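Student: Under this note's numbering, the letters of the sequence shown match residues 24 to 364, in that order.
No lab work stands behind these hints, which were simulated from the structure alone. Any given hint could turn out to be false.
Listed next, with one range per pair, are the computed distances between beta-carbon atoms [to be verified]:
| no. | residue 1 | residue 2 | range |
| --- | --- | --- | --- |
| 1 | P240 | R96 | 30 to 40 Å |
| 2 | P333 | T255 | 45 to 55 Å |
| 3 | I232 | E126 | 23 to 33 Å |
| 4 | N275 | K358 | 34 to 44 Å |
Note that the coordinates shown come from a computational prediction; the quantities given were computed from them, not determined experimentally. Glycine included, C-beta positions come from ideal geometry on N, C-alpha and C.
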Amino acid sequence: MRITITTAGVVLLAAGLALNGCGKSNNQPAANGGSGKAPTAAENVYTIGVIAKSNANPVFQAARTGAEAAGRRLTEELDGVTVNVQWKTPPQEDAQLQAQYVEQLIAAGVDGIAISVTDANVLNSALKAAVDAGIVVVTFDSDAPDSGRMAYYGVDDTAAGAEVMRQLASVMDGQGTVAVLTGNPAATNLANRVKGVLEAAAEFPGITIKDVYNFTPETATEAAAKMQQVQTANPDITGWALVGGWPLYTDNALDGIYENAKVVSMDPLPLPLEYVRKGQVQVLVGQPYFGWGEKSVEMIVDKLEFNREPESEFVYATFDIVTPDNVEEFGQNWKIWLGED
24 MRITITTAGV
34 VLLAAGLALN
44 GCGKSNNQPA
54 ANGGSGKAPT
64 AAENVYTIGV
74 IAKSNANPVF
84 QAARTGAEAA
94 GRRLTEELDG
104 VTVNVQWKTP
114 PQEDAQLQAQ
124 YVEQLIAAGV
134 DGIAISVTDA
144 NVLNSALKAA
154 VDAGIVVVTF
164 DSDAPDSGRM
174 AYYGVDDTAA
184 GAEVMRQLAS
194 VMDGQGTVAV
204 LTGNPAATNL
214 ANRVKGVLEA
224 AAEFPGITIK
234 DVYNFTPETA
244 TEAAAKMQQV
254 QTANPDITGW
264 ALVGGWPLYT
274 DNALDGIYEN
284 AKVVSMDPLP
294 LPLEYVRKGQ
304 VQVLVGQPYF
314 GWGEKSVEMI
324 VDKLEFNREP
334 ESEFVYATFD
344 IVTPDNVEEF
354 GQNWKIWLGE
364 D
């Protein structure tokens, strides 16, 4: 919640904290990435809830690091402002649980919510309620464009899917049969990436799309099993376009596949990078994982403190292209994004 603390209220606030400190809920900002700076006279304290899709996915660990880093930095840079980041994310993808978290944050009176939307159909109602309550809402990674949110931050998913296909066509010399792997069919971002893959494939007369294969739940085991099943049943497949890196989050996922097909995927995470090093994946297309959290918090604070909104409701980031030539250099980013450096 936005709190303006006057000099006269500091003593009373301190007394109240002393009385209530022992009973503080684990969901309170101080236990979830708060700035650590004690409020001073006439200070605005902003609390921002950040809801990613899954705590089990390293990309969202990077987003958390980015959000909390932005909160600390903005607290230091902006006079009279403290930014607390409250992380609330399901252990696995669960749109209903995300909606519950939104409702909890509304009840807690937070100032902003940044969310990666698992299923817009499930989240729209809760996010509209947040907007109606005066909360600044930003989506990242996966959008809910009909929710009333202020802005979306991430890659243009259609363009990202097209890039995956163009990179794949390049390493296939423009010839062959391609299978497309996607995950949750209800996820807007994945649907748009698949759209981009299919549109770009039409640019290459020698490329044939075998089919689009989806799987749920979005786990490495399920994804790897789907690829193995499809490749075995369709040995004519010579290329795979992965709109998410799911199967690459486990070891030996491409055994029996990489020998016969080129693979280009989204998401150059630490484990997928190993597949590039081994020559089993030719190209990875990356997103702004750290930036999902960092930029979302920045945009929310910009609105709260200065009443500034992005010029467009879609704030697109560029994507990284990782190949054997730059895989080692890119891998160093993860030490920062995961808070190891």
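Student: None of the hints should be skipped; say for each whether it holds.
Tutor: Hints versus structure:
About 35 Å separates the C-beta atoms of P240 and R96, a value consistent with the hinted range of 30 to 40 Å. A hinted range of 45 to 55 Å for the beta carbons of P333 and T255 is consistent with their spacing of about 47 Å. Between I232 and E126 the CB atoms are about 41 Å apart, so this pair departs from the stated range of 23 to 33 Å. Between N275 and K358, the C-beta spacing of about 25 Å breaks the proposed range 34 to 44 Å.
When the structure is compared with the earlier hints, violations turn up for hints 3, 4 and for no others.
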